[in-house]
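**Student:** Given the structure of chain A, go ahead and fit chains B and C onto it with the hints provided.
Listed below are the residues making up each chain.
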Amino acid sequence: MNWRNISLFGFVGLMLIFVGFLQSWSVAFSLINLCLLSSIMALGVNIQWGYAGLFSVGTMGFVALGGVGAVVTSMPAETEAWQAGGLQVIGALVFAALVIVGAIQIWKRMAPGRRRTVSLILLLVVGFFIYRYLFDPAVEAIEKVNPAGAGYLGGLGLPVIFGWIVGGLLAAGAAWLIGKISLGLRSDYLAIATLGISEIIIFIMKNEDWLTRGVKNVNGIPRPTAYEVDLQVNPGFLDWANWLGIDPVTLSSLYVKASYAILFVIVLAIILWMSEAALKSPWGRMMRAIRDNEEAAEAMGKDVTKRHLQVFVIGSAVCGIAGAMLVSLDGLLTPTAYQPLRYTFLIWVMVIVGGSGNNWGSVLGGFLIWFLWIEVEPMGLWLMNVITSGMADGSGLKEHLLESAAHMRLLTMGAILLLVLRFSPRGLIPEK
Amino acid sequence: MVDVLNALVVLANFVVVPGIAYGSQLALGALGITLIYGILRFSNFAHGDTMAFAAGAVILVTWWMQAQGISIAPLPTALLALPFGIVATVLMLLFTDRYVYRFYRRVKAAPIIFVMASLGVMFILNGVVRFIIGPNDQRFADGERFIIRARDFKTLTGLDEGLAIKVSQGITVVTAVGVVIALFWFLNRTRTGKSMRAYSDNEDLALLSGINPERVVLIVWIIVGILATVAGTLYGLDKTYKPFTFFQLLLPMFAAAIVGGLGNPLGAIAGGFVISFSEVTVTYAFKRVVTYLVPEAWAPDSLVQLLSTDYKFAVSFSILIIVLLFRPTGIFKGQSL
Amino acid sequence: MSEPFLIGDRMSGGYGKGPNILHDCTVAVEKGEIAVIVGPNGAGKSTAMKAVFGMLDVREGAVRLDGEDITHLSPQDRVAKGMAFVPQTSNIFTSMTVEENLEMGAFLRRDDISGTMEQVYTLFPILKDKRRQAAGELSGGQRQQVAVGRALMTQPRLLMLDEPTAGVSPIVMDELFDRIIEVARTGISILMVEQNARQALAIADKGYVLVQGANRYTDTGAALLADPEVRKSFLGG
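From first to last, the protein sequence lines are chains A, B and C.
All residue numbers for the first sequence refer to our numbering, where the first residue is 1 and numbers rise by one.
All residue numbers for the second sequence refer to our numbering, where the first residue is 433 and numbers rise by one.
All residue numbers for the third sequence refer to our numbering, where the first residue is 770 and numbers rise by one.
If you are wondering where the hints come from, they were derived from the structure by calculation, not from laboratory data.
A quick note: this is a predicted structure, and the numbers were derived from the prediction, not measured.
It is possible that some hints are incorrect.
[Stated by the list, open to error] Lysine-lysine pairs mimicking DSSO-like chemistry, simulated, CA-CA at most 27 Å apart:
{"#": "1", "chain 1": "B", "residue 1": "K586", "chain 2": "B", "residue 2": "K674"}
{"#": "2", "chain 1": "B", "residue 1": "K598", "chain 2": "A", "residue 2": "K206"}
{"#": "3", "chain 1": "C", "residue 1": "K800", "chain 2": "C", "residue 2": "K850"}
{"#": "4", "chain 1": "A", "residue 1": "K216", "chain 2": "B", "residue 2": "K674"}
{"#": "5", "chain 1": "B", "residue 1": "K598", "chain 2": "B", "residue 2": "K671"}
{"#": "6", "chain 1": "A", "residue 1": "K206", "chain 2": "A", "residue 2": "K144"}
{"#": "7", "chain 1": "A", "residue 1": "K144", "chain 2": "B", "residue 2": "K719"}
{"#": "8", "chain 1": "B", "residue 1": "K719", "chain 2": "B", "residue 2": "K671"}
{"#": "9", "chain 1": "A", "residue 1": "K216", "chain 2": "A", "residue 2": "K180"}
{"#": "10", "chain 1": "C", "residue 1": "K786", "chain 2": "B", "residue 2": "K540"}
{"#": "11", "chain 1": "A", "residue 1": "K216", "chain 2": "A", "residue 2": "K206"}
{"#": "12", "chain 1": "A", "residue 1": "K216", "chain 2": "A", "residue 2": "K144"}
{"#": "13", "chain 1": "B", "residue 1": "K598", "chain 2": "B", "residue 2": "K586"}
{"#": "14", "chain 1": "A", "residue 1": "K206", "chain 2": "B", "residue 2": "K719"}
{"#": "15", "chain 1": "B", "residue 1": "K674", "chain 2": "B", "residue 2": "K744"}
{"#": "16", "chain 1": "A", "residue 1": "K206", "chain 2": "B", "residue 2": "K744"}
{"#": "17", "chain 1": "A", "residue 1": "K144", "chain 2": "B", "residue 2": "K744"}
{"#": "18", "chain 1": "A", "residue 1": "K306", "chain 2": "A", "residue 2": "K180"}
{"#": "19", "chain 1": "B", "residue 1": "K674", "chain 2": "A", "residue 2": "K206"}
{"#": "20", "chain 1": "B", "residue 1": "K598", "chain 2": "B", "residue 2": "K744"}
{"#": "21", "chain 1": "A", "residue 1": "K180", "chain 2": "A", "residue 2": "K144"}
{"#": "22", "chain 1": "A", "residue 1": "K180", "chain 2": "B", "residue 2": "K744"}
{"#": "23", "chain 1": "B", "residue 1": "K719", "chain 2": "B", "residue 2": "K598"}
{"#": "24", "chain 1": "A", "residue 1": "K180", "chain 2": "A", "residue 2": "K108"}
{"#": "25", "chain 1": "A", "residue 1": "K216", "chain 2": "B", "residue 2": "K744"}
Chain A with its partners taken away, still in its complex shape (with noise of 0.2 Å):
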């Protein structure tokens, strides 16, 4: 363990004691248990990026089929939406998965020329229409139940926990689908490949509401922690908040925030583990090597796109569990919430600042750009007040220079990302 990474990472942690003395010791909690999402983000991002090289710029997709993956296992199941149009739905996307693979068999088995044209296309417009026949009337029942409250099929009703797994799973899966497609292309390709496709998941999230009831949102969503209701109505609890010396809606509220910090450090130290034990095994290294040179590698005899595809699901996987974390914290499924800049971009940030290719780095990172992010907007404000404290109130200029105090954030985070890049491109904590 080195000074200059210990003091790096106490830097921060005084910067977020500073914000509980300053502003308050909720918001510092809140700060702490995204910065550890966010940890666990670029967790994700660098495993793709430092041990293959990969620039995938798909980060928000996966992130978001986290939270659908939390969503369906862990909601009540709406028995009558399932007897309205579950099982043909299922069936429609069974039929649709197996003219795929139909489609793809012809294009494998087929000799190139007319006839294998003409069957392709044959195949996939039948198809097409078959799947929505059957689709299309089982998606508007499901919907019709319950609009206002339901209107979707709800989830299995398993404990929250089983959710961040299945999250991950789900991810991994649609990672591997993925990148069995475009993890061929060459690097800036793959990025524009991954961004669209982040954005269809995210399309197909906001639209079928059978599934994630779309822009309506999922609410409710059940959490690993007590609720603060319970807890202000728990005398065990009432005594405690006295005893402290603290109101007990304060405490409550910062005692299931710790909880979930409690939770999120769990997941967080078991993945860093994993990833660091990944990086020093034989397979670690071997990962290296391709990423350093491909060619080599692949005269030497390693399957480069089998690793490529590996270390994609596996990244994608952790991100997944991020986002089905993210949304057992905020209780929410909200589809629209899912923006590139957000979940992707700054992720990408927090990587490249922290230290591509070192996983401490990636923590570092997580949590630094993160706190930025976050207490850019109030430190901005502060910034703008003190320089229009000379103004005249009610002044077109000062009030313009208050309100754009938020978009301080984009200018910042744009000018850390140059300035790291230009000076110090291997990041806070580079790789060994």
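**Tutor:** Below, chains B and C alone, put in the same frame as chain A:
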């Protein structure tokens, strides 16, 4: 017979005209992307926000002009403000190149580093635009709205269906055609233009021939600035100006550039129309058209829509993915890194 | 003996910070002459020529053109001094027409280039036929003609060719060598690296046999061809 005409008019009104307008806007944006890729050899993720910046500059000047009472009715005042916007954008691009990209050219950094740097530039531009103009919708169009209105068309032709063509759509097509002709003349008939094509084709040989790389870079950014300003302004006039929409346009524009073959200007234009028409046709509800064309007994009940309108963007992404998988060099054999 | 038109005088050097590839190597060519550099693979032939052109570090020795020391000039500056270089690969603009390739060759010239272009077309008549075709669509031999034509557009005093007949059929090779002789006849000096040693030495006024970056044999082309030792080692008897 009348029914067929009606059907054609509906198609023209809801598919062809919007498709051409949107395709022109995409084409101009894709041209910028493809030129940067072909000559500077990286995918510029900041291009969407460059357009936002450019259009923003034009809007500010337009507002000032409108306040001064300057007008060129029936055309929108924004056209007068275009040159100013172009100057502002080009200056911004040159500034960015000097302080961000030039360093990486000097140290011959890997292309992926350029892409990451363009991400940083994207962030900053995003912040700057929202800082100056704000994130909301801005109106700046003025002058006549329609070249021909739907009801005027109906009265003129006596058909049931009307065809409306907006002034902004007309301007888009005319401007786009003009810009493209000028660009192609430049690239194919001038010494400087040819030197840029040479540089894009074979950098080492171009250097050996005495072509000055920094001059090529300068001219590329100037051309890109012009394209971005024109494309951004036309899109803003035709649809709406909201900084966020330009980031959303990034993917269709990349799709257009890649489909046509990255690095190939002709391809970017073709790609723009392919994407535009695909988006419009795949999400259009053909019910009315079909109703006109088939006997009454067969008239459809459903909307006859392949995918719902919300999936518009998904269409261009899907085309992009398909092209990347099966023909990555695009329709017109572009370059791959 | 008066100074030759071009001389790379006892050059020693290598790429970047790497070790010396050339050791005390001398190559020279007179006005209107053809000098050929031959040798086994890895002998440093292309390296010697690149040293003359300024594409690598000459750490000892000098390069002089028409008496002027050009050792520290960049390749672009040497082009301005009248040197032209045709690389072995990637030596044309494939996406541009033949005529545009020639125009690009003359990029540094500000005067009317149509006269020079006519000369090139006279030298390589097939290029005139295909002037509007994309250079990338031409056959291997024709592409080499475009490459040489492009280099000639600056009206150089010295033309350097790096393995011009690499990958070309024997008939085309003969044609190319014929053209090269004609170019030399117009007064342009030619310095050529060649793998096909026998045919190259047959047209050479001066031949340099390099082995491991140093001169082994230097003589006229005819003499080298006749020398039994040279024939045994490099020409297959």
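**Student:** Run every hint past the structure and note whether it holds.
**Tutor:** Verification of the hints:
1. K586/B with K674/B: Between K586/B and K674/B the Cα gap is close to 34 Å, so the pair fails against 27 Å, i.e. violated.
2. K598/B with K206/A: violated, 32 Å
3. K800/C with K850/C: holds, 15 Å
4. K216/A with K674/B: holds, 24 Å
5. K598/B with K671/B: Distance ~11 Å between K598/B and K671/B Cα, so the pair holds.
6. K206/A with K144/A: holds, 17 Å
7. K144/A with K719/B: Distance ~24 Å between K144/A and K719/B Cα, so the pair holds.
8. K719/B with K671/B: This hinted pair holds, its Cα atoms lying about 25 Å apart.
9. K216/A with K180/A: Violated: K216/A and K180/A sit about 33 Å apart, past 27 Å.
10. K786/C with K540/B: Holds, at roughly 18 Å.
11. K216/A with K206/A: Answer holds: K216/A to K206/A is near 9 Å, not above 27 Å.
12. K216/A with K144/A: holds, 14 Å
13. K598/B with K586/B: holds, 16 Å
14. K206/A with K719/B: holds, 25 Å
15. K674/B with K744/B: This hinted pair holds, its Cα atoms lying about 18 Å apart.
16. K206/A with K744/B: holds, 13 Å
17. K144/A with K744/B: holds, 25 Å
18. K306/A with K180/A: holds, 9 Å
19. K674/B with K206/A: Status holds; Cα separation ~21 Å.
20. K598/B with K744/B: holds, 22 Å
21. K180/A with K144/A: violated, 37 Å
22. K180/A with K744/B: holds, 25 Å
23. K719/B with K598/B: holds, 24 Å
24. K180/A with K108/A: holds, 15 Å
25. K216/A with K744/B: This hinted pair holds, its Cα atoms lying about 20 Å apart.
Hints 1, 2, 9, 21 from the earlier list are contradicted by this structure; the remaining hints agree with it.
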